[in-house]
Amino acid sequence: MSAPAPILRMSGIGKQFPGVQALDGVDFRLLPGEIHALIGENGAGKSTLIKVLTGVHDIDAGEIELAGRKVVFASPLAAQQAGISTVYQEINLCANLPVAENIFIGREPRRLGRIHWKEMRRRAAELLTRLEIDIDVSAPLSSYSLAVQQMVAIARAVDIDARVLILDEPTSSLDAGEVAQLFRVMRRLRDEGIAILFVSHFLDQLYEISDRMTILRNGRLVGEYLTAELPQVELVAKMIGRELADLERLEGRPYAGEGKSAPLLEARGLGRAGMIEPFTLGIGEGEVVGLAGLLGSGRTEIARLLFGADHAGQGSVWIDGEQVGLRSPRAAVRHRIAFCPENRRAEGLIPGLTVRENLILALQAARGWTRPIPRSKQEELVEKYITALNIRPADPDQVIKNLSGGNQQKVMLARWLILQPRLLILDEPTRGIDVGAKAEIQRLVTELSDGGMAVLFISAELEEVLRLSHRVGVLRDRRLIAELDNDDDLTTGDLMETIASGAAS
Amino acid sequence: MTTPVGAASLTRRLPVPRKYIPVLVTACLFAAMFVAGGIRYEGFATGQIILNVFIDNAFLLVVAVGMTFVILTGGIDLSVGSVVALSTMISASLLPAWPAPAVMVLVPAIGALLGLAMGAIIHYFEIQPFIVTLAGMFLARGLCYTIGTDSVSITDPAFTAFAQTRVDLVADMWVSPSVLIAVLVVLVAAYVLHYTPFGRRVYAVGGSEQSALLMGLPVARTKIAVYTISGFCSALGGLLLSFYMLSGYGLHAVGMELDAIAAVVIGGTLLTGGSGYLFGTVLGVLVLGLIQTVISFEGTLSSWWTKIFIGLLLFTFIVLQRLIAGRGKQ
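Protein chains in written order, with the working numbering: chain A, 1 to 505; chain B, 1001 to 1330.
What the hints contain is simulated information worked out from the structure, not anything from laboratory work.
What you are looking at is a predicted structure, and each value in this text was computed from that prediction instead of being measured.
Backbone N, C-alpha and C fix where the C-beta goes; we use that ideal spot for every residue, glycine too.
Take the hints with a grain of salt, since some may be wrong.
Which residues of chain A face chain B? A few of them, derived with a C-beta cut under 7 Å, are [as the list claims (entries may be wrong)]: (1) Leu77; (2) Asn92; (3) Leu93; (4) Leu97; (5) Gly106; (6) Ile115; (7) His116; (8) Tyr385.
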């Protein structure tokens, strides 16, 4: 299938957002009758590339050719009319309307000016049969599962005479059987000559379905490869950006508390359907356990379960050898577990309040609102942590949103440290902050663990995980696949290989 | 972990589709009230009683049709009562000088224009419909008093003819011309909602505005159009009220927006938008009217009981909708 001319060719695409070069000279091509996977870590530019292609954003540089003709799309509608249809991760249909209407609204078959309902239902049923779906098309869309809704979205996309079909993470909320059916449909559409662009974070799925891959990293093109010719290990290396040979070994930190009897916290068979498969993981006092894995592999999900932010569907949590029920974050806080979430703006800090108010918040909540903390005590505490964590500017009355990302992160950390937790869960504490602040946070983690605090450290950067952790749990496709001791022999290469191959080394 | 193939079997098979249940409940309620009234009061169970409900509420029916469009998109229009009053006031003050047909064209045009303006503000400035139409409500009511603070009676022959003509139907039953106009409005609106792309867009916007936008539908035009329709219907309702009252007055139709909303909700339309039928709204207006009739037949009850019953009914229907919607999600 090397012969056909590309249906879509994007060359030298550049797109700048305030302060970020989201895409920089990216080339991309799509052949008719192929399934082409677009791959990259978060922030690599995948979604920007798709948005540029579908007319959501305009481009700053480069050009797009569709079937040999140069095109400029001013809106998603224009792209649709040119034959580029997109099915987004969250289904953009109207659940209150019948299935048939969701496929045809906007271009309903009509007779004598009025909508020809019978014809619409007949054609909808016909289209869905092509996609191996047999449902009542006059029932509202909301009465069907997400998987069926996804198929309806695809049916709508295909009916707009699509030549290019973009599927942006279509499998993220489907179970195995539903994914298999989606893949059957994708193969059938491919065989009909439609070019399919497929985005997914699941490596197995990429290898199962795609013919060709394009890898992006930091807004740049890494390369285009035939799926059959690119081993998984190399794929992971290219995504993360290190050649295996170049990877230097970093110093491991032997776990000082070895030989201690019971771990501080132990999760036994803890899991939740659709989020993370049951896992068993123990963390001892003074131990740093790192979690490594690609985006969407279940890192954050583990953290949320241990903090009680999500309910576990099965399994149990034991603290100090006693089973505890972590039904809510409040319960977790009572057991002195602290959690700094990944998205600090949305989930952690309150941007309109001052540094002092944000710092005091968790402590005040723990004491109860009826026992206000005296002002002098507040100032003493705030002063102490601003100094200890080197928060800048060192002004307790500065409003949080004016601080840099790194300093916001430190405030967030300080807020939990005031509570003197026994287990600290850090989800991507160093993402998006500058190098200096990053080093300070890493140093802090080391100091805390030396002081006896247990830390669960989650990061996309393998070096960081390796540098800080005593043990590393490796995740892949929502499963904890390996637990490796961070002895002198463990390298990021080993981690990468484990992530890629799915087997413990 | 079911396979999606043949998923139709997963939907619960009710004897009637779930979407018709609210309308059916209202229809049963109406029938029950009618039968109960017939048993309790002499001379109640006649066709003319129902026709009288139509005659006394033709203006409300027209206003409620416009409100149905707005609520189906998930919006609300609080200005309708004031626009009705403004229409009666404009009619009454213009009629001595202007010919009746010109007034009958001008008044709905003014209403449509007001609706258009509110719709445009709601859409382009992304302001809640509640606030914008609340402002419209005060504005229109205030404009009434700039025209005049007293009730102005209408003596125009065309208007009095509309007020006094009886259109005879079979077996001694009759309706007023206003009822015919209201029924025509209902039929046209039902056709538009069910058989035109515009009507379907109203439902789509009510279901999910974001999705409608991404499906390439003209959301702006649709949203502005429903407020224009509501403004037009209010002004037309105002004309019908002038026929009925033969006067223009700034205190006409106080609180009618709430009656219209109540009728739409009792008729089974979801306040969150996207689900409901015009036939339900007709039933809603009939139920409200029949409550008034029952209370006047009772004789000893004060008319405030009407409000109490409407209040109880609204509670019941909102809870019913929540239950049905909740079951749909499981």
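So, going through the hints one by one against the coordinates:
no. : hint   : result
1   : Leu77  : holds (4 Å)
2   : Asn92  : holds (4 Å)
3   : Leu93  : holds (6 Å)
4   : Leu97  : holds (6 Å)
5   : Gly106 : holds (5 Å)
6   : Ile115 : holds (5 Å)
7   : His116 : violated (9 Å)
8   : Tyr385 : violated (41 Å)
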